[in-house]
Structures are given as C-alpha cells and as structure tokens.
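Asks: Take a look at the letters that make up each chain.
Protein chains: 4
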Amino acid sequence: MQENNFNVNPHSLKTAVSRVEKDKIVTRGYNQRDLIEKIRYSDMIFLLLRGRLPTLKEARIFNHVLVSFCDHGVTPPSTQTARLIASSGSPLNSAVAGALLSFGHKHAGAIEKTMELYQSKISTARLIDDPDIDNKQIASLAIEVYKDYVLKGKKVPGFGHRYHSTDPRADKLIEMAIKEGFIGPHLKLALAIQDLVFEKKNIKLNVDGANAAILSDLGFDPELGLGVFIIGRVPGIIAHIHEEKMDEEEFRRFCDLDDIEYVGGR
Amino acid sequence: MQENNFNVNPHSLKTAVSRVEKDKIVTRGYNQRDLIEKIRYSDMIFLLLRGRLPTLKEARIFNHVLVSFCDHGVTPPSTQTARLIASSGSPLNSAVAGALLSFGHKHAGAIEKTMELYQSKISTARLIDDPDIDNKQIASLAIEVYKDYVLKGKKVPGFGHRYHSTDPRADKLIEMAIKEGFIGPHLKLALAIQDLVFEKKNIKLNVDGANAAILSDLGFDPELGLGVFIIGRVPGIIAHIHEEKMDEEEFRRFCDLDDIEYVGGR
Amino acid sequence: MQENNFNVNPHSLKTAVSRVEKDKIVTRGYNQRDLIEKIRYSDMIFLLLRGRLPTLKEARIFNHVLVSFCDHGVTPPSTQTARLIASSGSPLNSAVAGALLSFGHKHAGAIEKTMELYQSKISTARLIDDPDIDNKQIASLAIEVYKDYVLKGKKVPGFGHRYHSTDPRADKLIEMAIKEGFIGPHLKLALAIQDLVFEKKNIKLNVDGANAAILSDLGFDPELGLGVFIIGRVPGIIAHIHEEKMDEEEFRRFCDLDDIEYVGGR
Amino acid sequence: MQENNFNVNPHSLKTAVSRVEKDKIVTRGYNQRDLIEKIRYSDMIFLLLRGRLPTLKEARIFNHVLVSFCDHGVTPPSTQTARLIASSGSPLNSAVAGALLSFGHKHAGAIEKTMELYQSKISTARLIDDPDIDNKQIASLAIEVYKDYVLKGKKVPGFGHRYHSTDPRADKLIEMAIKEGFIGPHLKLALAIQDLVFEKKNIKLNVDGANAAILSDLGFDPELGLGVFIIGRVPGIIAHIHEEKMDEEEFRRFCDLDDIEYVGGR
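Residue numbers (the UniProt record's numbering), protein chains in the order written: chain A, 1 to 266; chain B, 1 to 266; chain C, 1 to 266; chain D, 1 to 266.
Mixed in with the good hints, there may be bad ones.
A pair holds if it fits inside one copy or across any two, identical chains being indistinguishable in the list.
Unchecked claim - Straight-line C-alpha distance at most 35 Å; calculated DSBU-like pairs for lysine-lysine: (1) 14 / 106; (2) 200 / 154; (3) 22 / 200; (4) 113 / 154; (5) 106 / 24; (6) 24 / 57; (7) 201 / 24; (8) 152 / 136; (9) 147 / 38; (10) 24 / 14; (11) 201 / 113; (12) 147 / 200; (13) 152 / 106; (14) 152 / 113; (15) 179 / 57; (16) 113 / 24; (17) 179 / 14.
Think of the hints as simulated: they come from the structure by calculation, not from any bench.
Just chain A, same shape as in the assembly (with noise of 0.2 Å):
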C-alpha cells in the first residue's frame, strides 16, 4: 500500500491566483475593482499568467500577440471539430471543448516544442557563457539547431506553412518586435536560424515560431505558450461555432459515403 492514511489533509487547495471573501476579490494582488477599472483586458491576462502587469513594452507586444492568432479560417482540424460539434446540436461551451481537444502535438503542440528548444539552447549559453548572450553566440546556437535538425532531416520546430510560404503574421509579429525595440535572444535565435534554414530549404518562421520566440522573451513557461495559443484562439472559434449555429440546418458531414473505401474483411 501506497500510504497508510486516507485522509486528505485540511486546507486542501493554495492559491496564488485569487482571494475570494465577502464582497471582495483579490486576483494577484489587486482587488478586482481596480482591476475592472483600470486595465486593458490583455494586460489582465497577462496578470493572471505571469503573475505581474507588464511594462508598457511587453504590454504591447503581448497585445500583437494575441491579435496574431485570432483565425485561420475553416482549415485548422480544430475549427473543423468545432463546426462538427456545433452541428450535432451540442451546446456552445461542449463545441469549444472538443476545439481544444484537437490541440494535440502535431497541430497547437509546435509552440510549446519550439519554446522549449529556444530556452533550452538559450538558459544553456546563459550559464556557460556570461548572461548578455552576444551575437556570436547566437550564431553558433543557430549553428547547433540546424546541425540537429535540418542536416539529420529532421522538420525545425516552428517553421513553415502548410498554406503560406511567407506566413503574414510571423512576418508582421518580426517587424513589430523590431520597430518597438523589443528584440531579446530568443527572437535573435529564431531569426538567426531563419537565416540558415530558408536558405537551404526556402521556408521561414510560421507564427508559432515567432511567437514561440517572443513569449520566452516575455518569460512565459512552454506549457503557458500553448495557454496564450488557447487564449488567442477561442475567441475565432466561437466566432465559427456560433455562424454554425446560426446557419445550418442538418448536421454536416465532412465526408460521405462516396468519399469512403471500406479495407475490411469480405
């Protein structure tokens, strides 16, 4: 037996997210009244996952951020699954959940694997080498990445596009970072590798890539890069579920009898 007692203990849950209490709520730190007041919405959810309002800078990037992934259209499997669900007749709530159930690691799954490739090689230099990261060592991180992937064959985590040989986010994500002066070494790498990738192989960061880059320039955990994704897209997918709603009559079908060979047996 695992362990000898069956009890839990009493204070089962610690927060650092909010305090509730009669008539007040607390959520980091400040009360919600301020909050509701005072802030931009993006700069709440900034709050709520990094556990403190950004700078003036990071709030603006973040801002792009979330803009950039608004929509993609009918294309993404999860918008696809929406619209499935929605069309059965489920509820609107029970149509976004089976949306971010089609986020597995060959669809929203790049983020987080590009930001853990980024930190990686990043916080690596940062304790061999002295913490300012110069571009020399940037270059021969880039170096590092594209031994391990591109000459192994390997797909580099956050580059290309099924649909876009230029992705026009990942592409205005870059020049905002550059014109706000908000460039840290994650985003130096990520375009340092661009540099060796698209050379040889003609593709270029998609908007996982450069907002892989950017959020671990505003600190966020890799698991977080998969939130802010979530965040960004739920709102698009609402957006589809309810036209669904509103539009269709008989529950769709992606697919029919025509479109379906049977490999079974007899």
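Given the structure of chain A, go ahead and fit chains B, C and D onto it with the hints provided.
Replies: Just chains B, C and D, lined up with the frame of chain A:
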C-alpha cells in the same frame, strides 16, 4: 429514407469569419497584418463576435466586461474541474476543455438566460410602443419581471451570489457604465428590476446579471453571452491549471473515504 | 445573498454505486470478486445502471441492444470528430471525449426524445386506464402520436434513416424481441406507430426508435437511453481512433481551401 | 511551404472497421444483423478492437477484464470530475467526456505504461532467444525490471494501490487466469516481478498491472489498454452521473472558502 442521394454539396463550407489565401489572411474584412499592428485584443474579440469594430465607447465598456469575468478563485466547479483534470497528468488543453464542460445551466447558464429575459422584454416593448423606450415603459417591464419571478417564488436570473451580498464586480461595472455614459435600455431594465428585488429580498445584481444587461446593450445574442464569459474566464482557468501542474505532485482528491457514505445494498 | 454560511456538509458525498474499503469493493451490493468471476459484462452494465441484475430474458435482449449500437462506419459526426482529434496527435481519451461531445440533440439525442415520448404516452395510459394496457389502448395512443407529429408535419422521433430505407439493426432487434417473447407496451406502441407512419410516409423505425422502445420496456430512464447508446458506441469509436493513429501520418483535413467559400466583407 | 498543392485526396477516408451501404452494415467482415443476433457484447468489443472474434478461452478472460474495471466508487478523480460536471447542469455526455479527460498519465496512464514495459521485455526476449520463452528467461527479465525500477528507487508501474494492500480485483483476475489456463508470457513476467517486489517492498500487482499482463497476452496494443479501461469504466461513470443528477439539487462544491488558502500578493 429521408434523403434520396448520398452526396454532399461541393462547396461544403461557407464562412464570413476569415478568408485564407497564400500569404494572406483576411478576417471580418480586415487584413490580419493590419489587425496585428493596430488593434487592441479586446477590440479583436468584438470584431470576431459582432462582425464589426466597436466604437470608442463600446470598446471601453466591453473591455471592462472581459476583465470582470477573469477569476473567482478556486470556488467555481469549473475551476475545481480544471484542477482535478490537471492533477491527473492530462495536458493543459484537456484541463481547459473539462472546465468548459462544467459551464452547465446551473453554473454559467445564468448569463444566457438573463440576456434572453432582458432582450425579450425590450424587443417586445419596442414592437408595441415606440422604439425609444422611456423610463415609464422600463418601470412597467420591471414590474412584469417582478411579478413573473419574485411573486411566484422563482429565482430571478442574474441576481444574488453565494459569497457576496454586493457582488463587487457588478457594482463596479454599473458604476463604470454610468460614468462612461453607456446606459442602454437593457441596463436600465436590470437596474429597475434591482430596485424592486432589493427592497423585497435584499439581493442585488451579480456579475452575470450586470454583464447580461451590458452585453445586450452592446448587441450580443444571448448565446454569445456564454461565449464572452468563456473568453473572459479561460485565462484564469489556465492560471489555475498551470499552478496545479507546478505545485502538486500527486493527483488531487477533493474527497476521501471518510467523506463518502455508501447508501447502496448490503 | 442566497446563503448565510460558507461551509459544506462534512459527508460531502453519498452514493449507492460502490463502497470501497481496504482490500474490498462492493458494487450495487455485490462483492466485486464475485462479479469478476461470475457475471457477463453486459449484465454488469445492467447492474450498474438499473441497480439490480437482469432476468435471463432481460439479459438476452439487453445484450442485443448493446451490440446493435456498435458502429456505423465513418459516417456519423461523432466518428468524424474522433478521427479529426486523433489525427491532430491528441491522446486516445481526448479523442473519445470529443466524439461524445458530438452527441447533441440532432445526433444521439433522438433516443432520449423517443423514450420520453413512449414513456409519457404509456404512463399516462396507465394512470387513466387499467395498468395492463390492451391493444386497443395502444392503437389509440399511436393515433395520438400520428396526429401530433405526422399530421402537423413534424418529424416523428425514432423514424427514418439517412442511409437506410429499412434500418437493418431496427429490423433485427424487433425480430429478436418477437422471437424471444420480449414485447412490452413501449415496443407495441412503437410498432403501432410504425404501421401508421409507414403507410403515410414510407419510413420505418430506426435503431434509435427500436432501442428506445426496448430500453423503455427494460425500465430505463430516458437520460440513461443516451447512456446506453454511449456505452454501446464507445468501443467502435475507439476502434476508429486506433485505426486513425496507426494509419495516418499527417493531420486530417475534411475540407480544404477549394471547399471553402468566403462570404464576409471585402 | 511544406506542400505545393492545396487539394485533398478524393477518397479522404479508408477504414477497415465497417462498410455502410443501403440497408446493410458490415463490421469487421460480419453482417451486423448476424452480430446482433448471435454474439455477446464482450465478444463484440473484442471483435471491434482486435479485428477478429475471440476464442472461447480468450472470450472468458476478456469478459473478466471488462468487469474488473467497472467502478471504484467516488474515489477516482475521473468520477469526481464526472459528478462535478453533472452537478453544474451539463448534459450526461459532457460529464462522461470530462471524466475521460481525467485519464491522464497519473491516473489511467499506468495500464498503457505497464503494457509497454511487459511487451518490450517479452518481444526483446523473443528476438534474442527462442520464441517459446521458458521460466528461466522470465525470471531473468523480472530481475532486469527489478533492477531498473526498485533498485533505482523508481515506482514499478502496475504495482501498489492507494487503498488496498491486496487489490481484490488483481487477486481475483490472477486466480481466474490460473483456473482457466490462460497464463501467457506477459502474465508470467508480471507474477515473477511481483515475487521480487513483494519481498522487498510489500506491495502487489494492482488491477492495472494484472490487466496489463492479461491484455498483452490477448494481443492488445498498449494504447488499446487505455481503450479497454475506458470501455470498462464508462458504465460506472454513467451510473454516478445519473445518481448525481437525480439526487443533487444545487451544484456541488468539493471545497469551500474555509478549505482554501491564498498565498498570493497582498
């Protein structure tokens, strides 16, 4: 047989949310490059759900609404569900999905039901009387609601809170709407109902009730009320999931053998 | 404030399903050691849901019901949802969960609605007339249903199928119920309705309609009708998910750019 | 760009599970009319997952496996999740979906991990030595596992239980396998590991460990181990959800203000 042919229509999907083409994404008529550069995330949400950008006044109040839904600590069933699932070792997106499934008619359903009530009253009044509803009409609609619910011993949707006698979020939202001159007929009706209900039952509008009125004045469908609530609450749920995954080693049990009474056979 | 205190009751959970103690589990009054050794899995399901073991006759027909729900290929939205989620790289349990979320009122909801219809008719007849309903009473109830639905141009729940003119599962279930002498008042009613509907509209009972009648005769609540459907269908869904994960490399798209028409601004 | 064209293949789906045509459904090569009439539900599950009908011996032990997963009261996180969601007023299918999302690697993941361990050991032994593995080989594999886990202070998957020193389900399953002559190499290995682990740590195989061995001897892939667990557990979860919906009026809280400690700012 309900249908005589097995084929689906060739263009299986129509959407007004986004158009995707090579290297370009257009959402609600705007190039995403421009959206990423120029608009606030809360305005992006409005654009996705309402199909147009908000006015300055609308943008301000909609931002307050989004922030007000952010978090209520570990007390809601949805947050407890999220933490239970996270603590079992499931991925973050599964835990968020589980939380959304807790938004049943007893939990997050209030906002939708309240919006339906306010909107049906106001639209009926507009049909019968002149479109600019005056205070006298509002007062008579409030009395109708009072009779249909309070005098029949039924719970008025959007009123009262388990933990608060004055829900600080509702209170602040109403304060902001007044201060910023954003008082439409639905909020007027909600406040008129509050006057009657408070006198009789000593309970006030809760966060769902106040937001149901404001979102109705903003032109949202009742179903999208739940959608806005989900958008506002997901970041807080993600903060709780991340905390759970960082802090907790074993899987969580909210009750244990001592808390369970068996009432079955033998 | 709806409540004056913030405490929960000390025994937070009562259950008649199972009692767990050290080295012993009792379910519905039976020691699980005995259940594992002695009963069939289909009887175990009956025991869990109905609180008692089935008679031999009940066990036989309930087994037919469970098998009849097993699979309908890739055509249902739930199976397509499961495969979409599986193909995105999410774990098997997430894909099953997503499939369940597609069981909305347009898809799997029919069985519950049909059980409600049959049970309300039969229980009303029992209250008014003598409890042993005779064929004349059944005939008059069937005419009521015919008038309420067919003559008002409404779809009769439990009738017709997108792909079948004679649903082979319904046909076989009715054959088995007759052969094994398991014809209760609900199935009699369903067959009497079929006589009227078939003459007028040339459509017959589908698998949901036949099972709604049989499960009602077995004493199941309408809500558990959906439960039995889920139990019967989950193995098939898992077979599809496993197939998808084994065979498919990239994530699945049920539609692509050419299949999508943008109807929004600009 | 990863792909040069935007088209999907015309036959978008291949499946060996079922073929659907007008008035006829064939599953795994059998007409569903025959399956409904002739086979037990547990054999139907085997057929769906393994692609063939079980032998008599296989059918008997697989039935024990399914029954053994049926229910563990309100103690598992999945059951608590199901009841939380049900108590919020969400539909039954949403509550089942939520429960499935709790089957993370700490909860139901053990069975898959244990199957991987047993199968990798046995298949390696088969490659190196002759395919009929003798007891001496089993003993040496068990020692390998013992060294890799126990001597390195790691938890052996499939061993120990929070509430039981002898898991009554594992105990009975092993008893039945011996009595019915169904002892393959994977179960032999599990029992050999148990001898070593019990002597050192006083813990035994749990229900996941015993079933992981039996399902491996039945030829199931590790991923389908989780599938079989889900199939076996869903009926119990539905029983709990139905109980919750019948008995409970307000939404459930597993903890309340007194149980929560705020550890954040201010």
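Asks: Each of the hints needs a verdict: does it hold here or not?
Replies: Hints versus structure:
1. 14 / 106: Classified as both; 34 Å inside a copy, 21 Å across copies.
2. 200 / 154: within (13 Å within a copy, 45 Å between copies)
3. 22 / 200: Only across copies: residue 22 and residue 200 sit 21 Å apart there, 62 Å inside one copy, limit 35 Å.
4. 113 / 154: So residue 113 and residue 154 pass the 35 Å test inside a copy (14 Å) and across (27 Å) alike.
5. 106 / 24: So residue 106 and residue 24 pass the 35 Å test across copies only (23 Å; inside, 43 Å).
6. 24 / 57: Close inside one copy (31 Å) and across copies (27 Å); limit 35 Å.
7. 201 / 24: between (56 Å within a copy, 21 Å between copies)
8. 152 / 136: For residue 152 and residue 136, only the intra-copy Cα distance (23 Å) is at most 35 Å; the inter-copy one is 42 Å.
9. 147 / 38: Neither way: residue 147 and residue 38 sit 49 Å apart in one copy and 38 Å across, limit 35 Å.
10. 24 / 14: both (18 Å within a copy, 33 Å between copies)
11. 201 / 113: within (20 Å within a copy, 38 Å between copies)
12. 147 / 200: within (12 Å within a copy, 47 Å between copies)
13. 152 / 106: both (20 Å within a copy, 34 Å between copies)
14. 152 / 113: Answer is both; intra-copy 18 Å and inter-copy 29 Å each pass.
15. 179 / 57: both (11 Å within a copy, 29 Å between copies)
16. 113 / 24: Cα proximity of residue 113 and residue 24: across copies only (25 Å, versus 39 Å in one copy).
17. 179 / 14: neither (42 Å within a copy, 37 Å between copies)
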